[in-house]
Amino acid sequence: MKKFIVIVLDGFGIGEMDDVKVTRPQDINSNTCLHILERRKDLKLPILEKLGLMNILGEEINGMKANPKATYGKANLTHFGADTFFGHQEIMGTKPKMPFREPIKNKIDEIYKAIKDAGYKVEYKKGKKEKYLVVEDALTIADNIECDLGQAFNITSALDLIPFNKVLEVGHIVRSIATVPRVITFGGKGITLEDILNAEEEKEGGYIGINAPKSGVYDNGYECIHLGYGVNPKTQVSTILSEENIPVYLLGKVADVVINEKGTSIPMVDTEKVLKRT
235 MKKFIVIVLD GFGIGEMDDV KVTRPQDINS NTCLHILERR KDLKLPILEK
285 LGLMNILGEE INGMKANPKA TYGKANLTHF GADTFFGHQE IMGTKPKMPF
335 REPIKNKIDE IYKAIKDAGY KVEYKKGKKE KYLVVEDALT IADNIECDLG
385 QAFNITSALD LIPFNKVLEV GHIVRSIATV PRVITFGGKG ITLEDILNAE
435 EEKEGGYIGI NAPKSGVYDN GYECIHLGYG VNPKTQVSTI LSEENIPVYL
485 LGKVADVVIN EKGTSIPMVD TEKVLKRT
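Count along the sequence shown starting at 1, add 234, and that's the number in my numbering.
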């Protein structure tokens with residue numbers, strides 16, 4: 235069987251959309267690709283040049299030329315805001331719903347009750363001003379304090395204390411209640427609940443969460459699945475192809491953010507390693 239490869243260059247945008255002045259004024263004049271090339275006059279991207287990068291960019295720079303034989307195109311985003319998670323969902327075939335941004339404190343009591351009703355041990359953990367949840371003495375449910383505030387709830391877990399399938403079960407309970415764009419379920423090995431709690435931080439606006447890098451959750455045995463608001467994997471190309479017995483492999487960040495139950499997902503971070511494995 236022949237291969238069809240899609241490579242996503244995340245965060246390498248080629249310009250602003252028409253509504254940027256209204257929806258994201260901080261992004262006026264955004265053009266990551268152009269600005270990188272302007273700063274790095276020595277940077278040559280011959281493969282992307284051949285594929286039509288200059289055609290899409292709309293100008294030639296650093297000696298790179300438009301390719302008259304390239305097949306290329308560009309499109310506006312369908313999702314709301316600027317969210318790499320929903321960008322990936324959109325590429326896979328989802329038309330995202332409008333999510334609602336808010337701190338976890340707005341939903342915490344409802345989440346507490348649902349998790350308790352499901353038979354899990356759950357308790358409140360009080361910070362200086364706000365509070366979050368601790369479940370089974372192994373994971374926390376709190377705000378994501380590393381992306382735009384209000385965009386996600388994080389479920390941060392110590393996988394030596396609880397298996398990831400149980401973490402995911404808790405994640406689905408939270409997802410059934412939350413209307414924020416993402417519920418991120420993740421965990422790592424070699425850490426304790428105390429490590430997670432010691433990474434607690436509060437932000438202005440009523441947000442409280444775990445500083446994930448500080449907790450050590452990424453360092454060993456990391457597992458992660460993002461649960462998006464209004465994302466139905468049955469409409470996505472990975473699921474559709476897999477159900478037709480066509481092998482689907484997801485490598486890199488996409489393996490963390492796209493559901494691929496019947497395919498093979500290989501989470502990786504280093505771009506060079508991703509391309510070599512591809």
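Watch out, some of these pointers could steer you wrong.
As the list claims (entries may be wrong) - Each computed BS3-like pair below joins lysine-lysine, with the alpha-carbon atoms no more than 25 angstroms apart:
hint, residue 1, residue 2
1, K359, K437
2, K363, K448
3, K331, K308
4, K341, K303
5, K339, K359
6, K360, K331
7, K350, K363
8, K303, K236
In short, the hints are calculated from the structure, not lab data.
### Message
For a quick check of understanding: which of the numbered hints are violated here, in increasing order?
### Response
Going through the list in order, the structure violates hints 4, 6 and respects the others.
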